[in-house]
Amino acid sequence: MTHAAVERRFDPLLDRMRWAVGEGYAVWFVVLGLAAYATLNSDGFLTSKNIENYLGQVPVLVIASIGMLIAVLAGGIDLSVGAVAKLSAVLISGIADGDFGKFVVAVSLAYLIGVTVGAVNALIIVRFRIEPFIVTLGMFSILEGLVLAYTVRGRGSVPASVVTWAYEAVGPFPYVFLVTLGIVVLTTLWIRSARFALRLIAFGGDREVTRRAGISSTPIVFASMISCSMFAVTAGLALVIRAGVGAPTTGDGLELAAITAIVVGGASLAGGRGRVLGAVGGAVLLTLVDNSLNMMRVSQYNQGLVRGAVIVLAVALFTTRRERAA
Amino acid sequence: MPVLRARGIGKAFGGSRALDSVDLDVPAGRVLGLIGQNGAGKSTLISIMAGVLAPDAGAIEVDGEPIVLSSPATALAHGIVAVYQELSLVPELTVAENLFLGLEPSSGPWLRRVVMRRRAREILARLGADSVAVDAKVRTLPVVQQQLVEIGKALARDARLLILDEPSAVLGRGELDRLCALVDRLRDAGIAIIYITHRLDEVVRLADDVAVMRDGHCVLHRQMAGLSRHDLIEAMLGRRLAMFEPTPASRGGRPVLEVSGLQLPGSSSDGVSFDVGAGEIVGVAGLTGSGRSRLLRALAGLEPVAEGRVTVDGAEVRLGAARRSMSRGFVLVPEDRKRFGLVLERSTTDNLTLSVLSRYSSRGVQRRGRLARVAAGLVAQLGIKVVDTGASVQSLSGGNQQKVVLGRCLATEPRVLLLDEPLRGVDVGAKAEILEIVKSVAARGAAVIAVSSEFEDLVALTDRIMIMRDGDIVGELNGDDVDEGSALAAATGGLS
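Listed in order, the protein sequences are those of chains A and B. For our numbering, add 821 to where a residue sits in the first sequence, where the first one is 1. For our numbering, add 7 to where a residue sits in the second sequence, where the first one is 1.
These are computed hints drawn from the structure, not numbers from a lab. It cannot be assumed that every hint is accurate.
Quick list of the computed label-pair ranges, beta carbon to beta carbon [what the hints assert, rightly or not]:
{"no.": "1", "chain 1": "A", "residue 1": "Gly1129", "chain 2": "B", "residue 2": "Gly371", "range": "30 to 36 angstroms"}
{"no.": "2", "chain 1": "B", "residue 1": "Gln401", "chain 2": "A", "residue 2": "Gly1129", "range": "37 to 43 angstroms"}
{"no.": "3", "chain 1": "B", "residue 1": "Ser369", "chain 2": "A", "residue 2": "Tyr858", "range": "54 to 60 angstroms"}
{"no.": "4", "chain 1": "A", "residue 1": "Leu1002", "chain 2": "B", "residue 2": "Ser77", "range": "49 to 55 angstroms"}
{"no.": "5", "chain 1": "A", "residue 1": "Gly1035", "chain 2": "B", "residue 2": "Arg185", "range": "27 to 33 angstroms"}
{"no.": "6", "chain 1": "A", "residue 1": "Val936", "chain 2": "B", "residue 2": "Glu129", "range": "39 to 45 angstroms"}
Interface residues of chain B toward chain A, partial, derived using beta-carbon atoms under 7 angstroms [said to hold, decoys possible]:
{"no.": "7", "residue": "Ala80"}
{"no.": "8", "residue": "Ser95"}
{"no.": "9", "residue": "Val97"}
{"no.": "10", "residue": "Glu99"}
{"no.": "11", "residue": "Leu100"}
{"no.": "12", "residue": "Leu108"}
{"no.": "13", "residue": "Gly109"}
{"no.": "14", "residue": "Glu111"}
{"no.": "15", "residue": "Ser113"}
{"no.": "16", "residue": "Pro116"}
{"no.": "17", "residue": "Trp117"}
{"no.": "18", "residue": "Leu118"}
Computed from a prediction, not measured in an experiment: that's the story for all the values here. Yeah, the Cβ is synthetic: ideal placement off N, Cα and C, and Gly gets one too.
Using the sequences and the accompanying hints, generate a full structural model.
Below, the structure written as structure tokens:
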């Protein structure tokens, strides 16, 4: 500790960069770099059609990542995010069956289920003191089973008017993207200004200290798990209104993508550390990798390889290792 | 009228009496030094006053009002705040956020960050700590400043009785002066303070009153005036003990360790050179950051080395890897024993044998019986007081934990024993025993290097003392030259 203090140099530019890395904002540099590279190496990347397409794809992971960030900030994790999104997508499409009135009912039902799933997760975590990892892994399995019991190939459809809306845009910005932007701004403000958010982060950082400060843990666990599930429902909604039909493969691996996104964005899986803008940057980056690989016509087999390499590289370069700071 | 008056406090755990009818008075604007060996009942006593434990017997009054301290929250509500050795701060939050965690200035559900920062600055100013940035994350602050924030938390909660549990244990000497100034300042502000420490210096320097605990009783409770350090030690031990006598300088035999031009990366010095003979115990003094701990870590292979030549028993050792250093007979007792010295979750036996597992395994399978015998031998040899060697080491006292670390290191049969603050947070009785153990290791022909911030510990332990400043050895004291004034002068760069 003392040596770090002694050797610390006071170079303003370097300090700003360190700050950006420390706060998880550095991922945005990678986003810019990758976009520039894709522009130079593919004809299709920097076209208004692809940009609009990309901005329409981005919301799903961004929304799921914000939810995951809240769970992780509070010292938990939620592996049921993908399954919740999938269940929502399948149910919304199945119940709506092309009818707008039923669609509204189906969406409300999906949120109700989301709240219930989050509350059950939290209840088990608090009541039986089981690790969130295990609880939500079990929940993941149960929900996957429910989805397959409901449909194996996808059922019903989202009303055409909703699908049309999902592809409409102002300039290059799809409505779905603008709504997501609103959600990002609101959560950023909430995390920055709400007393409860501060306590949630404090709890994730050190449970015992927070408890000793007279803050009770139960509301924090419930709020974080329920918010995470509700963001997952929203991600499922964003998926299904563009796909038109909810298939049981919708949202596969979304929880792992969201965890990757927030870690790339500087969050610590130990809890108590992470920024919304970092998590969003991570989600934007991961989606961008997929999009630009398609645009550069990289084969499906090699895509996984490149994606993995980019992720590990980004984490290695742009997340601070806390142990080394000490 | 005292802020806190406790009468006849008793507490038993299972069959053993931790406290037996203890009386205590803490008046406003005075510092009560609370001392005693580990296990004497200090921790139990302050846990009761902080509302963490409920007493079995006795009465507590705050400002003459009888109260029941049923939880930390009620203690807080009566203005009793305890600052523990393990700081209770959230490292990822800022200074201001930590100060007000749980009582954040807010309007409705929203934080009032501007007010929070302003009040944080006011509190830091009261502590004389204006240099601490309220927006800095606590994790980025040095330990001294973290401690200020911790004490600041007490002020934010309007503490009237402040319990400081070994506040100096984590500090270097220069920092100690600042802590003392701070305690004086708080006393002058009319706050009653209970100051728990192992260092008699601090009691003499700070305390207006003193309470000495022994075996669950308060054996001495009076004004400090007229008491000597010897009186305090006797009260703690309940017997007279000859200790802290400098050892007659034993001339080291043939050099075991020879270091020449050892330079750490990024260090501006030309490198350090010295020899340590067989059976010799060399102390290293210096301020925090002078490079004393880095030197030990470099020898243990835990720190990269830029240049230099190191030999053990005449054979050159390439530093830079812990495994290699250990195989050549180096072993380090680290400064932070809880983080780097012990696997806290594991048992005493597991910890004692951790460094020699491969020696007592065949084909990758541990020989549990032999490991248990080795551990039992070390427990007996070092006098480790442990009820169940299979229970996690967390339950041991500081002194016994330190003996476990020492035992693990001795099991490797070291040629060069490196000790970083070996006596920190260890009570007087255990201190004397650890001194004996280290001396016996040296007597068997090993070379020993010890770093300590406590000059009197160095004098008691070592044959000669090297002084480090800015990564360099700037002086050496032995025999009659050994006195704290000249050491401090060399370490700080002169008295002029």
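Hint check:
no., hint, verdict
1, Gly1129(A) to Gly371(B): 30 to 36 angstroms, "holds, 32 angstroms"
2, Gln401(B) to Gly1129(A): 37 to 43 angstroms, "holds, 40 angstroms"
3, Ser369(B) to Tyr858(A): 54 to 60 angstroms, "holds, 55 angstroms"
4, Leu1002(A) to Ser77(B): 49 to 55 angstroms, "holds, 50 angstroms"
5, Gly1035(A) to Arg185(B): 27 to 33 angstroms, "holds, 30 angstroms"
6, Val936(A) to Glu129(B): 39 to 45 angstroms, "holds, 43 angstroms"
7, Ala80, "holds, 5 angstroms"
8, Ser95, "holds, 4 angstroms"
9, Val97, "holds, 4 angstroms"
10, Glu99, "holds, 4 angstroms"
11, Leu100, "holds, 6 angstroms"
12, Leu108, "holds, 5 angstroms"
13, Gly109, "holds, 3 angstroms"
14, Glu111, "holds, 5 angstroms"
15, Ser113, "holds, 5 angstroms"
16, Pro116, "holds, 6 angstroms"
17, Trp117, "holds, 5 angstroms"
18, Leu118, "holds, 5 angstroms"
Checked against the numbered hints listed earlier, the structure breaks none of them; every hint is satisfied.
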